[in-house]
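Q: Residue numbers (my numbering), protein chains in the order written: chain A, 1 to 300; chain B, 301 to 617.
Don't read these hints as lab results, they were simulated from the structure. Glycine included, every Cβ here is placed at the ideal spot set by N, Cα and C. One should not assume that every hint holds.
Reference listing, derived: stretches of chain A covered by chain B, where coverage requires no fewer than 3 residues with Cβ under 8 angstroms from a Cβ of chain B [said to hold, decoys possible]:
id, stretch
1, 115 to 124
2, 228 to 235
3, 269 to 277
4, 283 to 292
Examples of chain A residues lying across from chain B (beta carbon under 8 angstroms, computed) [what the hints assert, rightly or not]:
id, residue
5, I75
6, L102
7, V105
8, I106
9, P131
Below 20 angstroms or equal to it, Euclidean Cα-Cα: the simulated EDC-like pairs (lysine to aspartate or glutamate) are [as the list claims (entries may be wrong)]:
id, chain 1, residue 1, chain 2, residue 2
10, A, K272, A, D225
11, B, K406, B, E491
12, A, K272, B, D430
13, A, K272, B, E491
14, A, K125, B, D430
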Amino acid sequence: MDNAYPMNIVDQLTQYLFSGLASGAIYALIGLGFAIIYNATGIINFAQGEFVMLGGMFSFFLLQSAKAPLALAIIGAILLTTLLGLLFERLAIRPLKSASPLSLVIITIGGSILIRGLAMLVWGKDTHALPSFSGSDPIELAGASLLPQHLWIVAITVVVIAVSKLFFSYTISGKAMRACSYNSRAASLIGIGVRRMVLLSFVISSAMGSMAGIIIAPLTMTSYDVGIMLGLKGFCAAIIGGMSSGFGTVMGGVILGVLESLGAGLISSGYKDAIAFVILLLILFIRPQGLFKRAETERV
Amino acid sequence: MNRDLVKFVVLAVIAVVAPLALSGSYLMSVLVFVGIHAMLAIALNLLLGFAGQISLGHAGFFGLGAYASGILSATYGVNPWLAMVITALSVALLAFIVGFPVLKLKGHYLAMATLGLGIIFYIVFNEAVDLTGGPSGFSGIPPLKIGSFAFDGDIKNYGLIWAFTMGTVLLSLNLANSRIGRALCAIHDSEVAARVMGVNVRLLKVQIFALSAFISSIAGSLYAHTMGFVSPTSFGFNFSVELVTMVVVGGLGTVYGSLIGAAILTLLPELLRAFQDYDIVIYGLVLILMTMFMPGGLVRGIPALFARLLPTRRQEG
């Protein structure tokens, strides 16, 4: 969004499209995390956004206080966040497996503000920027300028989605998780450890979430409270996609990202965040099953 | 019914006597907040505890009440009482209209939709700078007056707020013990069963949502007129969660529970000033622990605990 010189409307639109695609990729990653846990357990994990925050914050502080190289800090951050995701499932979700949806909503909200509060106590309220993965010289493309980080975001998201697709389609664990989502009772009858699959879903989701938090941190900065907005937008992506853990949610993320970026650019940047929620409400009201239900969406 | 009357009288006596003991002290202004929070918690409990419908956007209705009443009276010179009534009716109407699509949703989806609604309000409070003053807040809201008597000091505010709080308690108790209250509990247990028994589930849910928003709006107006200043931070997502915590701590579906929950969660952070930054952590822990170990809230949990610890004595009695 380089407004130093006047751009014509086509270039402007291309610009919004590019930045929308990048944030859309982030929303898709977060949304996939929601969908994977939802399909394994029927729970909407309100703490999903906090995993995103933890990814960014852990990498920043590993980079800063442990003086680790960027790549190592990132891997460390993903591992630490995943560990916390695992602990969260063990301590808060598993003991409550048969609770009412209301209790589960309340408990994951409790978990989310607990994690956020602890992050604030440990790391303070400052915002931090992670260094870009490879420089910050803009790249000119089709009349718009792109940052290398945008390319990283899209590339990493594509790789993560491809890997998860392969995992769910070709590995035993992936197939077992899909079986659980279709019918967990039947799955347990044929010898699948349903509880282990639930745990695995939290592990995968927290890893994906932290990844999203890390790749966006160089662009938008990170702080203890970024998880709320990012989490909600990820959820919005998942809702547009009908809670599928494949194509639908990815499309949901991209649609949301592009609409938001266009709205911010053409209407008002102050109301940028409101756009996501208006879309969320409209989808929930009009097509709560998502936009792509007819199309082949795979629920995992 | 008689026991309810006794409880209510005891509460009224406490409310009247409390200022005598604390007059002029700092705790008085805290008790004003206890009253406002109690109104909000009871309003939310009607929806969450009785009808079983979660709302994570109630801070938004509270904020609408505060801002609309404040703007009408300060910017447009409307009489504060009139502003409060107009605002509450409009907010209730808004909730009624939005309620139809929102309350069609269940469980997690309902939580997300109400959350989204609350955040949209919050964004508007921040962004409509011309109207609301934006992030730096809106000041100069006149106090409520009866004739030339203005509610502008701690003790007067206390009387005003607690009169409304007691009114809310009375209204909610009556509602809970009426046909409507029983219908709400039926909805909570099973919507299908409630419908079979002839309850108009959809309409009733929306009506109680509107009533809940109405009370929250009144609480918001009272807040605006007693403080004279409002800013968006008071009406964010965190406050919605705080309200849910109050209801859960006190006990879902008990009016007095919400009062106790509001009192505890308002007084605790004030008494533990040293732990200022810890409050959000404490809310999180309290929510998790209460849901896990005392899902009925304090009002039911404490007697149940005693009953378990002293089983024999209970049988003798």
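Q: Does each hint fit the structure? Answer for all of them.
A: How the hints compare with the structure:
Look at the stretch 115 to 124 of chain A against chain B: 6 of its residues bring a Cβ nearer than 8 angstroms to a Cβ of that chain, three or more, so the hint holds. A stretch counts as covered by a chain when three or more of its residues have a beta carbon under 8 angstroms from one of that chain; for the stretch 228 to 235 of chain A and chain B the count is 3, and the coverage holds. Counting residues of the stretch 269 to 277 of chain A whose beta carbon lies closer than 8 angstroms to any beta carbon of chain B gives 5, which reaches the threshold of three, so the coverage claim holds. Counting residues of the stretch 283 to 292 of chain A whose C-beta sits closer than 8 angstroms to any C-beta of chain B gives 3, which meets the bar of three, so the coverage hint holds.
With a least beta-carbon distance of about 28 angstroms to chain B, the hint placing I75/A at the interface is violated under the 8 angstroms criterion. At its closest, the beta carbon of L102/A sits 6 angstroms from a beta carbon of chain B; the interface hint therefore holds under the 8 angstroms criterion. Of the supplied interface hints, the one on V105/A holds, with its beta-carbon coming within about 5 angstroms of a beta-carbon of chain B, less than 8 angstroms. This hint holds: I106/A has a C-beta 5 angstroms from the nearest C-beta of chain B, less than the 8 angstroms allowed.
For P131/A, the suggested interface contact is broken, since its CB lies about 29 angstroms from the closest CB of chain B, more than 8 angstroms. Between K272/A and D225/A the CA atoms are separated by roughly 18 angstroms; this keeps the pair inside 20 angstroms, and the hint holds. Pair hint K406/B plus E491/B holds up; C-alpha atoms about 11 angstroms apart against a cutoff of 20 angstroms. Under the criterion of a C-alpha separation no larger than 20 angstroms, the hint pairing K272/A with D430/B is consistent with the structure, at around 18 angstroms.
Annotation: proposed proximity of K272/A to E491/B is violated, straight-line Cα distance about 37 angstroms (limit 20 angstroms). The hinted pair formed by K125/A and D430/B fails the criterion: a straight-line CA distance of about 29 angstroms is larger than 20 angstroms.
Of the numbered hints stated above, those contradicted by the structure are hints 5, 9, 13, 14, listed in ascending order.
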